[in-house]
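Those sequence lines, one after another, are chains A and B. Under numbering that gives the first Met the number 0, think of the first position of the first sequence as 0, with each following residue one higher. Under numbering that gives the first Met the number 0, think of the first position of the second sequence as 0, with each following residue one higher.
In case anyone wonders, no lab produced these hints; they're calculated from the structure. Here the structure is a predicted model, which is why all the values come from computation and not from measurement. Don't take each hint at face value.
Repeated chains share a single entry, so a pair holds when one copy, or any two copies, can fit it.
With a straight-line Cα cutoff of 30 Å, these simulated BS3-like cross-link-like pairs (lysine-lysine) come out [as the list claims (entries may be wrong)]:
(1) K152 / K95
(2) K18 / K152
(3) K317 / K250
(4) K289 / K18
(5) K122 / K134
2 protein chains.
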Amino acid sequence: MREYEDYYSYFENRLQQEKFTRQPYQLYEPILYTLQLEGKRIRPVLTLIACELFGGNIEDALPQAMAIELFHNFTLIHDDIMDNAPLRRGKQSVFKKWDPNIAILSGDTLFALAYQYVQKANKSILPDILDIFNKTAIEVCEGQQYDLNYEIKNHVSVEQYTEMIRLKTAVLFSASLKIGALIGGASMQGANNLCDFGINIGIGFQLKDDLLDTFGEEQVFGKKTGRDILSNKKTFLYLKALEIASEADRKRLINIYSSNEMEKDQKVKTVKSIFQKLDVARLTSDEINKYFNRGLKSLEKVNVDQEEKQKLLVVAQKMVNRNK
Amino acid sequence: MREYEDYYSYFENRLQQEKFTRQPYQLYEPILYTLQLEGKRIRPVLTLIACELFGGNIEDALPQAMAIELFHNFTLIHDDIMDNAPLRRGKQSVFKKWDPNIAILSGDTLFALAYQYVQKANKSILPDILDIFNKTAIEVCEGQQYDLNYEIKNHVSVEQYTEMIRLKTAVLFSASLKIGALIGGASMQGANNLCDFGINIGIGFQLKDDLLDTFGEEQVFGKKTGRDILSNKKTFLYLKALEIASEADRKRLINIYSSNEMEKDQKVKTVKSIFQKLDVARLTSDEINKYFNRGLKSLEKVNVDQEEKQKLLVVAQKMVNRNK
């Protein structure tokens, strides 16, 4: 039986064989650079596994796995501009290494290149796949917009936050699985059953991201920690802390979090100490487990071979147990 | 027989009826704003006419006309950030009215929305249309990259410049026609015959844009003039001037053009006076006419009703005779 690493290697090898070195090189160099950064490739692996789950051949799902990974990398390039994030996967982000204009334009090109892979689907299935891809792309943009909105909004509920990460992150996991399943021969119903699994582990994945952004080890994580705190992002950690804090701590946290005047390291340190006092890291882990277990329940309903399903379980575990 | 204005009104009415007012409104408001600016809608009109040219019904071509206009507007939103252009169609550009992040993200969303219209094509023709759309999108990005490159490159030939505007501008006119023709029932050969016409009038259109950017009337043009000069854009006007200037004028022009230290109004005024001395406006008009006439020759080869072809001729004339 193939293991996660087999799918990963298969995809990574094929991705690196694709020819993205073209003229004008000012446009394609950042694309190549981004795709050569060490990525986890979880989404394309999900596509390949989902295809096999329904009896398909992973080779047939490869173009769609590429489409999804390219789309994901396009969003990273643009998000890094918007979030003013200097690092990505431990290296300089595109807009830092080059400039924002190059990052905008190479991101746009990557988005269009993604559609060239979508286009490779069989004629009979192309309309469905294009439909999923388009809807997902729009939802991801909407999620990013809510994320930006919530940075300056005073009151955000955990419910609003969860809906935001569903759009920004989870729907792409869901789409990766659904598209893979359809290529593999699943009925629309069968493919839809996988979506719930994708949404739940996707939410768990993003909660883990929030946790790592504050409590991760920078060397392993590949990004600076504390960035969410510095950009006043209303993460689950922050919202949960507000929910359970004493009135005094609550006021203090709100004041510090919304302040842009405090010295950076000091702000991160102070917020972290409040989080630690309130045991917010553990509460976030509980929330991650909640969504992970919901994901498992959804997966149980999917009517395919038990041993094959095990592979998805392994990926789901990787997604929520990761350190980077 | 339908006139240009009929196609324009038909398209404009339908565009304004589309529902782009959704949540999160921070994302969709700039999209609505952009689509409500008074655009010329030349590209979608070309799609509708090309469809009818081959016996199709314009209603069938409407989604593709929308896709092309939305794509075009996406490029405008992103180009305005890259070019630091404060005005678009006489109003504030999106990144000025809101901010660059909003402009990046609403542009991305508009790009994805365009693909939702592409998706409406008949199953049988969808792969071809998606193929044209994707290739065109990538070429437009490549053209924009060359445009940015040439701002800082010392030597650009008229040939390189023409290839740049072919990619940045002309291929989208060509695609508008080709997609319309295919929807209308044209063979791939028939549709391809229209492409040459599209490329030639597209190049003429961009040359006219360059001419207006320097010598247009701001009130009519809807943008500030002299922007190309201020951003050191190697336009046809500039390249032609270098070609025919005396050694002394050539050196002077290169010096002034590459300088970012001269006071803005002074720089525009001085460059314009050199252009005037060299009769560059007339020479640009001659070049526009050259491409216009090439376009007409290409059109002659298209095997459809003469009277129907006349409509395309009218649009081509509008494109090169416009004042805005």
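Return the numbers of the hints above that this structure violates; sort them in rising order.
-> 3, 4
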